[in-house]
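Residue numbers (the numbering used here), protein chains in the order written: chain A, 1206 to 1438; chain B, 78 to 274.
Wrong hints could be hidden among the right ones.
Now the stretches of chain B that chain A is said to cover, found in silico as 3 or more residues with beta-carbon under 8 Å [claimed, not checked]:
#: 1; segment: 106 to 119
#: 2; segment: 182 to 193
#: 3; segment: 235 to 244
#: 4; segment: 257 to 267
When the alpha-carbon atoms are kept at most 25 Å apart in a straight line, the in silico SDA-like pairs for lysine to any residue are as follows [what the hints assert, rightly or not]:
#: 5; chain 1: A; residue 1: LYS1287; chain 2: B; residue 2: GLU99
#: 6; chain 1: A; residue 1: LYS1287; chain 2: B; residue 2: ARG213
#: 7; chain 1: B; residue 1: LYS155; chain 2: B; residue 2: VAL94
#: 8; chain 1: A; residue 1: LYS1287; chain 2: B; residue 2: ASP272
#: 9; chain 1: B; residue 1: LYS155; chain 2: A; residue 2: PRO1342
#: 10; chain 1: A; residue 1: LYS1287; chain 2: B; residue 2: ALA106
#: 11; chain 1: B; residue 1: LYS155; chain 2: A; residue 2: LYS1287
#: 12; chain 1: B; residue 1: LYS155; chain 2: B; residue 2: GLU91
#: 13; chain 1: A; residue 1: LYS1287; chain 2: B; residue 2: GLY198
#: 14; chain 1: A; residue 1: LYS1312; chain 2: B; residue 2: ARG119
#: 15; chain 1: A; residue 1: LYS1287; chain 2: B; residue 2: VAL101
#: 16; chain 1: A; residue 1: LYS1287; chain 2: B; residue 2: LYS156
#: 17; chain 1: B; residue 1: LYS117; chain 2: A; residue 2: GLY1336
#: 18; chain 1: B; residue 1: LYS155; chain 2: A; residue 2: GLY1336
#: 19; chain 1: B; residue 1: LYS156; chain 2: A; residue 2: TRP1337
#: 20; chain 1: A; residue 1: LYS1312; chain 2: B; residue 2: LEU97
#: 21; chain 1: A; residue 1: LYS1287; chain 2: B; residue 2: LYS227
#: 22; chain 1: B; residue 1: LYS117; chain 2: A; residue 2: PRO1342
#: 23; chain 1: A; residue 1: LYS1312; chain 2: B; residue 2: GLU91
Hints were generated in silico from the structure; no laboratory data involved.
Virtual Cβ for every residue (Gly too), placed ideally from N, Cα, C.
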Amino acid sequence: MAFCRRSTHLTMSRLPYRIQGTPSLVKQFTSWTIAGVLVVTLTSWLSAELTIAGALPAVSQREGAGSMRLTAPAGEEPGDLKQLAPRGVYVVVDTARNRLYLRRGEKTFYAAIVSTGSGARLIDPRDPSQGWRFDTPHGVFTITSKLLNPVWNKPDWAFLEEGQPVPTESADRIESGVLGQYALGFGDGYFIHGTLYTRLLGTNVTHGCIRLGDEDLRHVFHVVPIGATVIIF
Amino acid sequence: MGSHAEELPSTAKESCVILLREEVRLAEALRLYVIVDEAKRRLVLKAKGTAVREFPVRSLDRVGGSRERGTPYSLLEKKPFIEPAPRMLPNPSIDSRVAEDSTPLNVSAMPVRYELVFTGGFSLLVHPGGADSPWRRILDRMGGLSHRVKAHAFTWGGKLWGEPRKFLLLEMSPEESQAFYWALNPTMKVLIRQDSC
């Protein structure tokens, strides 16, 4: 494999002086060189622009795009590395594809469509210099709690987002029936839970939590123990 | 940096041992990290020593010499060719849209051409490739050419200024390029695997 390729030299500074009094063939060559440089600059800008414009909005389209392999090549890791691998069942969440995978070792044995963080920002109308960004955190986490019939203790942004005043009584923040039958906490107020907005599964719409459909949530709740590793990317 | 590289063992086997030892350190840190596998032309996103996602690379070129074996580079900055527009939730006092229905920020809004700047003067330059349309392929190649010109210019400039720069030019499918950009975190560490271990 050749890595060190010759560079492309683009020297333009002296061209106008060389054009004067030179044969027409040289003039033409010089002109085409300058035009080529301009085309390169313009088209490379257009290249990125067009690709962004031709985005893939639907999850079903994204599903088939690219090739994803979840298993590492066998025998690649030394003993120490294998010892660090998650033990038992663990959860992998792909926030780009909005998919949740249950894995044991290098095998994926369950896949579900989820909704993850929208990445949107909400400015606090009480103090415009403050606000929230609704991302699902990336990294390695642990299931810290499993809740049956969870209730939502609504934070400030949930009220501000709806144009409602933030209640002073903590009891006024409690809302039941919106998180589904089960919830699995993975720290810092983030949960894997159910949703009323099942039509939005497969899209990035949440405030950071991971939403699952009822059937998938039931399965995940019963299979994933407290202490299980959650890898989110 | 260059002298340090010369002191390290040169055989492929020894370099693999060094790299794997460094990877164990990263895996112990309970963070996501990336292995740039030059030999197999892929980027592997890993956590706890386990591969969670592979990003195939269509072509890969070094500019500015080889990188130190087993040295993890930390991501300093993501420099997209075009910055993804931030998505703001509607303000209920002036906008009657329901927040749930606002357009989310998703992977398709991510750039396909960008530079990832790491510690140690190392950068990954990513551009798209492999489009079906011949015109599209020409545009992508020109985009790749501009990255190549930039890499060489900065490598030469770095030598003059005494700040060595090293580049890896990656061509990826647009979808994989966007997904890789999406998956990267600030301060994420990257290890370069040059040999087939």
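Status of each hint after checking the structure:
1. 106 to 119: With 3 residues in contact (Cβ-Cβ under 8 Å with chain A), the coverage given for the segment 106 to 119 of chain B holds.
2. 182 to 193: Since 8 is at least three, the answer is holds.
3. 235 to 244: violated (count 0)
4. 257 to 267: holds (count 3)
5. A:LYS1287 with B:GLU99: Roughly 14 Å separates the two Cα atoms, so the pair holds.
6. A:LYS1287 with B:ARG213: violated, 43 Å
7. B:LYS155 with B:VAL94: Measuring from Cα to Cα gives roughly 30 Å; hence the hint is violated.
8. A:LYS1287 with B:ASP272: It holds: about 21 Å lies between the C-alpha atoms, which stays within 25 Å.
9. B:LYS155 with A:PRO1342: holds, 18 Å
10. A:LYS1287 with B:ALA106: Judged against 25 Å, a Cα distance of about 15 Å means the pair holds.
11. B:LYS155 with A:LYS1287: Status violated; Cα separation ~31 Å.
12. B:LYS155 with B:GLU91: Violated: LYS155 of chain B and GLU91 of chain B sit about 32 Å apart, past 25 Å.
13. A:LYS1287 with B:GLY198: Judged against 25 Å, a Cα distance of about 32 Å means the pair is violated.
14. A:LYS1312 with B:ARG119: Distance ~20 Å between LYS1312 of chain A and ARG119 of chain B Cα, so the pair holds.
15. A:LYS1287 with B:VAL101: Measuring from Cα to Cα gives roughly 9 Å; hence the hint holds.
16. A:LYS1287 with B:LYS156: Answer violated: LYS1287 of chain A to LYS156 of chain B is near 34 Å, above 25 Å.
17. B:LYS117 with A:GLY1336: violated, 43 Å
18. B:LYS155 with A:GLY1336: holds, 23 Å
19. B:LYS156 with A:TRP1337: holds, 23 Å
20. A:LYS1312 with B:LEU97: Roughly 22 Å separates the two Cα atoms, so the pair holds.
21. A:LYS1287 with B:LYS227: Not OK: LYS1287 of chain A and LYS227 of chain B at ~40 Å, beyond 25 Å, violated.
22. B:LYS117 with A:PRO1342: violated, 30 Å
23. A:LYS1312 with B:GLU91: Not OK: LYS1312 of chain A and GLU91 of chain B at ~30 Å, beyond 25 Å, violated.
Hint compliance for this structure: hints 3, 6, 7, 11, 12, 13, 16, 17, 21, 22 and 23 are broken, all remaining hints hold.
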